[in-house]
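These protein sequences, in sequence, are chains A and B. Using the numbering used here, the letters of the first sequence correspond one by one to residues -1 to 209. Using the numbering used here, the letters of the second sequence correspond one by one to residues -1 to 209.
Take these hints with a grain of salt, some might be off.
[What the hints assert, rightly or not] Computed cross-link-like contacts, BS3-like style, restricted to lysine-lysine with a CA-CA straight-line distance of at most 30 Å:
hint : chain 1 : residue 1 : chain 2 : residue 2
1    : A       : Lys122    : B       : Lys109
2    : A       : Lys122    : B       : Lys85
3    : A       : Lys37     : A       : Lys109
4    : A       : Lys106    : B       : Lys122
5    : A       : Lys37     : B       : Lys5
6    : A       : Lys109    : B       : Lys109
7    : A       : Lys5      : B       : Lys85
8    : A       : Lys122    : B       : Lys106
9    : B       : Lys106    : A       : Lys109
10   : A       : Lys5      : B       : Lys5
11   : A       : Lys109    : B       : Lys122
12   : A       : Lys109    : B       : Lys5
13   : A       : Lys37     : A       : Lys5
14   : B       : Lys106    : A       : Lys106
15   : B       : Lys37     : A       : Lys5
16   : A       : Lys106    : B       : Lys109
17   : B       : Lys109    : A       : Lys37
18   : A       : Lys85     : B       : Lys5
It is worth saying that the hints were derived from the structure and are not from the lab.
Protein chains: 2
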Amino acid sequence: MKIELEKVLPQDIERRSMEIIARELGDRRLEEENADVIKRVIHTTADFDYAENLIFSPGAVERGRAALRAGCHIVTDTQMAKAGINKGRLARLGGEVHCFMSDEDVAKSAKEHGTTRAAASMDKALSLPGPIIYAIGNAPTALVSLYEQMEEGLVRPALVIGVPVGFVNVIPAKELMLGASVPYIVARGRKGGSNVAAAICNALLYGIGER
Amino acid sequence: MKIELEKVLPQDIERRSMEIIARELGDRRLEEENADVIKRVIHTTADFDYAENLIFSPGAVERGRAALRAGCHIVTDTQMAKAGINKGRLARLGGEVHCFMSDEDVAKSAKEHGTTRAAASMDKALSLPGPIIYAIGNAPTALVSLYEQMEEGLVRPALVIGVPVGFVNVIPAKELMLGASVPYIVARGRKGGSNVAAAICNALLYGIGER
């Protein structure tokens, strides 16, 4: 079988992809400060819905980058997002990614409290020195738990990336975060995922590299 | 701010999600043997496009499960998919997940041959004892490289999960695999991803557990 492959050098694939995305977005106007993030999420998912779904609090991207430049750590609710975040680049800024989902004490605490491991992992994150960027790509319970911590004054995130995916309490958890008074990037609706969470973190990181 | 959260116990969230997915699929008829995989991918992405996009060669799901039961290994092109696959369950069947993308010899070989690390990692996979399930969630070049190996008689995969995502050569690479005479599960079009690759592997694994 013969197929037509476009001849693109390995180092040019991403640039070429971004050109195609920009072309297909056409007249759809992205806010300049958010365009990097939106385009990288579309690059990761091939899903143009994210041109509409992603909601940014004012200055969220710049706040996130400022935090990363200052060595901010990232807490995520999935090992997949942790795997996808560019940890080398983060480390060169002084940061690190943490995911407590597989920790035994988190599993134990979740069982004791009748909650999810994701929610329990947010409690464990309180022990980290802040401020922290939270990248929630899977569990709405993590987002709700984080919101409650914020309401109780226990934590003040540098940025909340709220992109859990799914069908049970995902939409209300995100709407909750959209009412919060911290910098946020939220994928409105059901869509999101650990790949989206990682893509947003990387878009923030790569934007720093380009300066 | 007050929002309405549905009261669902942690252990019931997945079952409840699957109920919602089944309800929303409504009259859309999924082939019985493929339904587990399709529903898990929708569960992972909240994207009902996959009810249409996923193309299965006849008996692909059963062939994949038979291979896994026999201790088949999985090779993937992303650390994220590796992170997302249920490695405990795979190990209990005798299998293991391999991702060679970060290996120094793969980076070196890619540079020397002017190809992608993904393609070079497929060459490295030839050293594994077969048969292998390939779960390609990111790079179309990996899928093309694998197809060429098959054409040359170098490899005979137990199953190809061909779900790279993106804009450059993704569609032709998948169409190529749809013409191959091995068991495959392919996400037609641009969509896919490491999360989709992992979800398909897990749907195969969980189907074995239920027997």
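Problem - Numbered hints the structure breaks, given as an ascending list - result: Hints 1, 3, 4, 5, 6, 7, 8, 9, 10, 11, 14, 15, 16, 18 not satisfied by this model.
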